[in-house]
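Single-letter residue listing:
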Amino acid sequence: MKKFFKKIVNENPVLVLTLGMCPTLAITTKLENALVMGMAVTIVLILSNFIISIVSKYIDNKVRIPCFIIIIAGLVTILEILMNTYLPTMYKILGIYIPLIVVNCIILGRAESYASKNKPISSIIDGLAIGLGFTLAISIISVIREIIGSGTLTIFDSTSKLIGYKAIYNIFDYPIKVFTTPAGAFLTLAIIIAIINKIKSKKEVVK
Amino acid sequence: MNLLTLAINAILIENLILMKFLGICPFIGLSKRKRTAIGISFASIFVMTISSILSYFIYYKILVPYNMEYLKTIVFILVIATFVQLTEIIIKSISKTLVKTLGIYLPLLTTNCAILGVALISVNSDFNLLEVIIYSISSALGFMLVMYIFASLRERLDKSPIPKSFKGLPIAFVTAAILSMIFTQYIGA
Numbered sequence: 001m002k003k004f005f006k007k008i009v010n011e012n013p014v015l016v017l018t019l020g021m022c023p024t025l026a027i028t029t030k031l032e033n034a035l036v037m038g039m040a041v042t043i044v045l046i047l048s049n050f051i052i053s054i055v056s057k058y059i060d061n062k063v064r065i066p067c068f069i070i071i072i073a074g075l076v077t078i079l080e081i082l083m084n085t086y087l088p089t090m091y092k093i094l095g096i097y098i099p100l101i102v103v104n105c106i107i108l109g110r111a112e113s114y115a116s117k118n119k120p121i122s123s124i125i126d127g128l129a130i131g132l133g134f135t136l137a138i139s140i141i142s143v144i145r146e147i148i149g150s151g152t153l154t155i156f157d158s159t160s161k162l163i164g165y166k167a168i169y170n171i172f173d174y175p176i177k178v179f180t181t182p183a184g185a186f187l188t189l190a191i192i193i194a195i196i197n198k199i200k201s202k203k204e205v206v207k
Numbered sequence: 001m002n003l004l005t006l007a008i009n010a011i012l013i014e015n016l017i018l019m020k021f022l023g024i025c026p027f028i029g030l031s032k033r034k035r036t037a038i039g040i041s042f043a044s045i046f047v048m049t050i051s052s053i054l055s056y057f058i059y060y061k062i063l064v065p066y067n068m069e070y071l072k073t074i075v076f077i078l079v080i081a082t083f084v085q086l087t088e089i090i091i092k093s094i095s096k097t098l099v100k101t102l103g104i105y106l107p108l109l110t111t112n113c114a115i116l117g118v119a120l121i122s123v124n125s126d127f128n129l130l131e132v133i134i135y136s137i138s139s140a141l142g143f144m145l146v147m148y149i150f151a152s153l154r155e156r157l158d159k160s161p162i163p164k165s166f167k168g169l170p171i172a173f174v175t176a177a178i179l180s181m182i183f184t185q186y187i188g189a
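So the sequence lines, in the order shown, correspond to chains E and G. All letters in the first sequence, in the order written, are residues 1 to 207 by my numbering. All letters in the second sequence, in the order written, are residues 1 to 189 by my numbering.
With the rest of the complex left out, here is chain E (with noise of 0.2 Å):
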């Protein structure tokens, strides 16, 4: 349990490792759009690892990459047409970052580092772990980029259809404009990154 939350934190993909930055950038000017994209992530990520990890050893090691490659697409392409379905609009939202899922290389990396070399119930734990640690690095920048940026703060909104309400908060009336354009992206990202190595180094000079 200890483990499975230091996965999470110390090993957290955005913050720690910076992997996959493309939609970590992109998406996360609204807190419901972050947490659409980190769960569609985290099970893309369970499931790649639950099948890489039992088919990796039939798997001829000179051709390992197109094979994980064809996995991960194959589960995004089923879970594209599911969000078409069942969550049109959101789906229109996060758009084209999606299909990049396939690309992301926190999946890929998991599936090398990992699941090529652990058995299938480590890796699905080991896929939620960094999943969640995933979904939590996002949550916070939107948090962060929604409140500042446009003084709202969206829970479910495009999704209402499916869960049944809607929970749109109003934070403050004067946002800050900067912070839902790209640039407020980089800038918040830059912050983050700068605290948490300060902890880090605090952390060194204590041991």
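There could be a bad hint or two in this list.
[Unchecked claim] Pairs of lysine to any residue, SDA-like flavour, derived with a Cα cap of 20 Å:
hint, chain 1, residue 1, chain 2, residue 2
1, E, Lys92, G, Ser160
2, G, Lys164, E, Val205
3, E, Lys200, G, Ser165
4, E, Lys200, G, Lys167
5, G, Lys167, E, Ala190
6, E, Lys200, G, Ile171
7, E, Lys198, G, Ile162
8, E, Lys177, G, Ile182
9, G, Lys167, E, Lys177
10, G, Lys164, E, Ser201
11, E, Lys203, G, Ser165
12, E, Lys203, G, Lys164
13, E, Lys200, G, Lys164
14, E, Lys177, G, Val174
15, E, Lys202, G, Ile162
16, E, Lys177, G, Leu179
17, E, Lys198, G, Ile171
18, E, Lys202, G, Leu169
19, E, Lys177, G, Ile187
20, E, Lys198, G, Tyr70
21, G, Lys164, E, Val16
22, E, Lys198, G, Ser165
23, E, Lys200, G, Leu169
24, E, Lys92, G, Tyr70
25, G, Lys164, E, Ala190
26, E, Lys177, G, Glu14
27, E, Lys200, G, Gly168
28, G, Lys167, E, Ile199
29, E, Lys62, G, Leu86
30, G, Lys164, E, Lys62
31, E, Lys62, G, Phe46
32, E, Lys166, E, Ile147
[Stated by the list, open to error] Under 7 Å between C-beta atoms, here's a sample of chain E residues computed to sit facing chain G:
hint, residue
33, Phe5
34, Pro99
35, Val102
36, Val103
I should point out that these hints are in silico values taken from the structure, not numbers from a laboratory. Glycine included, each C-beta is placed from N, C-alpha and C at the ideal position.
Put chain G on the given structure of chain E with help from the hints.
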């Protein structure tokens, strides 16, 4: 859409890196030196253009007639991966100087989201063949422009005094933020 507008749009206004956040990995990882930045950019101009054209033909000649549009993600990534591998083999047999300039960056391009992104965008926005070619070349030029500016800035940053916690990635992101603000002005809103 006018072809010239399309080109300018792709280079400046909807810049791949700064506006669409595609290809952030090489943007951050390979922009420490100008030389590497130029190398990866040339490799991506080449691969991006050819793979978009290939994807275009496969999409309209094979997938659409058989109603298999939903397979485009899988097919495109396969096209890109095969094409990258193929170019690597061809380049290796043709010249050694090309291997030196492009060689090490080629395998990285398979997982570069910009390549798949451009292929998907050009299919999603119903471009015709000429538009696909113009769009992919100018997108790649935009990529190159930003990579070069960013690499030059980072070379300077190495020598300047930076707060300790901002060293490395954070300052790179701050630089990218300022650059992105500048590019936002091209929208002209």
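(message) Next pair to validate is Lys167 (chain G) with Ala190 (chain E); report whether the Cα-Cα distance is within 20 Å.
(response) holds, 10 Å
(request) For the pair supplied as a hint, Lys200 (chain E) and Lys164 (chain G), confirm whether the alpha-carbon distance does not exceed 20 Å. (result) With a Cα-Cα distance of about 12 Å, the restraint between Lys200 (chain E) and Lys164 (chain G) holds, given a limit of 20 Å.
(message) Hint validation: Val102 (chain E) versus chain G, beta carbon distance must be below 7 Å. Holds or violated?
(response) This hint holds: Val102 (chain E) lies near chain G, its Cβ roughly 5 Å from the closest one there, short of 7 Å.
(request) Below or equal to 20 Å on CA atoms is what counts here, so check Lys164 (chain G) against Ala190 (chain E). (result) holds, 13 Å
(request) Take a quick look at whether Lys202 (chain E) and Ile162 (chain G) sit within 20 Å of each other, Cα to Cα. (result) Measuring from Cα to Cα gives roughly 18 Å; hence the hint holds.
(request) With a cut-off of 20 Å on the C-alpha distance, tell me whether Lys167 (chain G) and Lys177 (chain E) pass. (result) With a Cα-Cα distance of about 27 Å, the restraint between Lys167 (chain G) and Lys177 (chain E) is violated, given a limit of 20 Å.
(message) Quick check on the hint: Phe5 (chain E) CB to chain G CB, less than 7 Å?
(response) Result: violated, 24 Å to nearest chain G Cβ.
(request) Compare the distance between the alpha carbons of Lys177 (chain E) and Val174 (chain G) with 20 Å, and conclude whether the hinted pair is satisfied. (result) holds, 17 Å
(request) Take the C-alpha atoms of Lys164 (chain G) and Lys62 (chain E), compute the straight-line distance between them, and say whether it is at most 20 Å. (result) violated, 42 Å
(request) Sort out whether Ile171 (chain G) lies within 20 Å of Lys198 (chain E), counting only the CA atoms. (result) holds, 14 Å
(message) Check whether the Cα positions of Lys164 (chain G) and Val205 (chain E) lie no farther apart than 20 Å.
(response) holds, 14 Å
(request) Take a quick look at whether Lys200 (chain E) and Ile171 (chain G) sit within 20 Å of each other, Cα to Cα. (result) Cα-Cα ~17 Å, so holds.
Going down the numbered hints, you'll see the structure goes against 1, 9, 20, 30, 31, 33, while the others check out.
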